[in-house]
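S.K.: Read off the chains here:
There are 2 protein chains.
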Amino acid sequence: MRKVAVIGVGMTMFGKMPERSLVDLGTEAVRAALKDSGVSPKNIQVCYCANYAHIVWCLAQEIGSKVGITNIEMFNVENACAGGSTAFRGVWYAIATGMYDIGLALGVESMTTSSLAGRAITSETDLDGQLGLSMPARAALRMKRHMAKYGTKPEHFAQIAVKNHDHGALNPYAQYKKRFTLEEVLNSRMIAEPLTLYQCCPNSDGAAAVILCAEEKVSQYTSKPVWVAASVLKSPGYLALQEDITLANLTEQCIHEAYEQAGVGPEDLDFVELHDAFTNSELYLYEELGLCPAGEGGRLIDEGATALGGRIPVNPSGGLLAQGHPLSASGVRQICEITWHLRDEVGARQVPGAKVALAQMEGGMVIGIGSASCGIHILTR
Amino acid sequence: MRKVAVIGVGMTMFGKMPERSLVDLGTEAVRAALKDSGVSPKNIQVCYCANYAHIVWCLAQEIGSKVGITNIEMFNVENACAGGSTAFRGVWYAIATGMYDIGLALGVESMTTSSLAGRAITSETDLDGQLGLSMPARAALRMKRHMAKYGTKPEHFAQIAVKNHDHGALNPYAQYKKRFTLEEVLNSRMIAEPLTLYQCCPNSDGAAAVILCAEEKVSQYTSKPVWVAASVLKSPGYLALQEDITLANLTEQCIHEAYEQAGVGPEDLDFVELHDAFTNSELYLYEELGLCPAGEGGRLIDEGATALGGRIPVNPSGGLLAQGHPLSASGVRQICEITWHLRDEVGARQVPGAKVALAQMEGGMVIGIGSASCGIHILTR
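Here the protein sequences line up with chains A and B, keeping their order. Here the first sequence is numbered in our numbering, starting from 214 and rising by one per residue. Here the second sequence is numbered in our numbering, starting from 214 and rising by one per residue.
Any given hint might turn out to be false.
Copies of the same chain look alike in the list, so a pair counts if it works inside one copy or between any two.
The calculated lysine-lysine pairs, modelled on DSBU-like cross-linking and capped at a C-alpha distance of 30 Å, are [what the hints assert, rightly or not]:
hint, residue 1, residue 2
1, Lys447, Lys279
2, Lys255, Lys447
3, Lys391, Lys357
4, Lys248, Lys447
Bear in mind the hints are in silico, worked out from the structure with no lab data behind them. Please read these numbers as outputs of a predicted model, since none were measured by experiment.
Throw the hints in and build the complete structure from the sequences for me.
M.R.: See below:
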């Protein structure tokens with residue numbers, strides 16, 4: 214396998230933009246990434262494009278046609294919230310194995326114009342979902358269990374929203390750029406007790422794009438490559454089959470493999486971008502990713518370890534909670550954020566001297582309470 | 214790159230089955246392929262699943278959960294009519310490059326239950342489509358041009374429908390199993406002059422699945438492997454930019470590469486399964502694939518060369534016209550058909566002694582009249 218680097222990134226603002234089409238959003242992100250990389254559209258040899266919430270065919274090809282990327286291999290992919298991670302992995306693999314030298318990973322979503330907008334999302338055969346075990350309900354059940362098992366308090370979860378909105382207020386691409394107090398988060402509308410509104414990520418529109426390149430050609434384009442040190446994509450199975458729903462079941466199946474590929478451990482990470490669709494997701498991922506022992510996510514919050522300036526900042530972008538969450542775009546957006554940090558380019562929210570970072574997304578739910586896909590990437594400068 | 218073989222195939226009946234869910238259809242096809250291969254679900258290491266016409270997330274994972282395929286890498290993909298070919302290529306590549314030994318390619322579509330059912334399909338930014346240049350209209354324009362340039366007659370196109378329905382009448386999995394006379398085809402309802410109803414593929418539901426395996430493990434499962442001799446997936450660009458719309462523009466961009474990979478030419482093919490969404494598609498593909506010189510597709514029909522028993526049978530399955538066309542399933546279904554022939558298992562419609570066959574699908578349209586994706590595979594016994 215060859216070494217592969219990110220040599221350019223670009224994205225749109227995230228937010229509610231129902232006046233903008235998928236093609237419009239995607240085109241802006243791709244143009245920004247091309248410009249950032251200095252790569253000509255004619256030199257892109259492979260493209261993976263992620264989208265979920267629309268029935269649209271050949272979106273990669275349509276966006277490609279607008280920017281001059283044609284006559285190449287293109288995959289349109291979907292893996293729920295991990296769709297962007299899936300697109301990134303697809304391009305990485307095609308380059309790492311030597312088939313192509315330069316490729317484009319793209320995630321595009323317009324939640325506000327989806328026919329699903331405003332509807333609880335559940336599949337036709339998902340009995341638990343049909344009976345009301347929606348995403349927030351599932352999050353609430355897991356919060357309750359974590360509280361019962363480890364003494365975690367509602368304030369711990371709420372503090373994650375406070376932290377991520379603090380970060381998001383520093384991010385010009387964020388859907389929200391507004392700080393909230395702990396009381397405001399706790400007192401916002403109850404969605405599924407103890408989960409309040411400000412602890413849930415918003416519906417969002419947006420796109421993000423990344424250009425990847427084989428080691429041999431990197432120096433032609435950039436002096437600041439960001440290397441892909443690990444790539445893992447798995448469908449990790451079902452919480453319903455787990456003994457303990459306070460965990461995401463990623464450990465054995467994804468995260469160990471990612472650390473092994475990269476030759477690092479959680480103690481080597483300078484920061485993490487992870488899937489905080491709800492505040493509890495971030496907390497249980499602290500434990501799953503090994504940022505702290507099982508049950509000590511609350512303590513990590515109390516210590517301020519995961520805030521900017523802390524020991525291991527998590528979601529310096531603001532995460533899904535503040536940056537917004539256009540499903541298939543988020544996994545690629547995380548790569549943009551990490552790249553900017555590793556190139557020391559994000560100003561006020563910069564993690565100083567960051568050299569190693571991890572991106573994690575998980576997506577979908579099958580049989581009601583199982584995550585259906587998980588993508589983890591470790592990047593280094 | 215390692216050699217990769219098809220070691221098991223399975224599919225549902227194709228037809229209008231609105232009472233059946235995507236998961237139901239997909240599960241049946243996967244179970245049939247597993248049974249045919251003798252592979253345990255636990256030994257499947259990677260899965261690509263194609264679907265287009267529904268907003269459904271993680272379909273691969275949901276179907277996998279029903280049959281015991283979990284905890285593996287899964288991609289859900291879309292490339293319009295070439296989605297099934299895309300899924301097949303993805304699994305082939307993952308095995309050929311050595312990441313995995315055994316994988317599952319799956320295509321599932323339920324056109325009758327799609328929210329698109331009964332609507333012309335066009336993207337939000339596709340101006341030509343919005344103005345009425347639907348798929349049948351585009352086919353009709355290309356027919357007219359072929360007639361003007363080469364003297365091809367409406368009867369030539371209609372004879373393709375007669376032939377493919379003759380073949381479909383021998384196929385127990387076909388949506389239609391009914392023969393039509395030339396007059397019946399020509400006199401069926403006019404859709405877009407000179408294209409009549411019986412020259413258009415139907416809306417269909419169905420699923421098809423294929424198990425692929427690395428050479429080293431093939432002998433554990435089968436004594437009749439079907440080898441993948443070539444795999445090409447490209448987005449071949451736009452008819453709007455072509456000088457000649459009577460061609461599909463596949464030649465330089467896909468088919469030459471496929472023949473080169475396999476080390477064969479069109480004269481070496483024993484039969485072909487190709488994308489006959491409309492009768493004219495089959496005719497221009499004769500020329501594009503090199504089964505005859507440009508302009509001589511009509512003559513090939515007159516000679517009966519592409520009928521079962523002819524020099525180079527095309528669509529012994531009945532093709533999309535008679536077998537039916539559940540979009541993302543068709544590319545995988547072609548692999549099933551070819552596998553059965555190369556194993557000498559299809560009875561009345563068997564191409565005797567077949568050793569080499571080609572599968573071709575193209576999909577999507579961008580900027581009104583451009584095919585957006587093309588997948589070509591050459592298989593040998």
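S.K.: So, for every hint listed, does it hold in this structure?
M.R.: A quick look at each hint next to the structure:
no. : hint              : result
1   : Lys447 <-> Lys279 : between (33 Å within a copy, 17 Å between copies)
2   : Lys255 <-> Lys447 : between (32 Å within a copy, 15 Å between copies)
3   : Lys391 <-> Lys357 : within (28 Å within a copy, 61 Å between copies)
4   : Lys248 <-> Lys447 : between (32 Å within a copy, 25 Å between copies)
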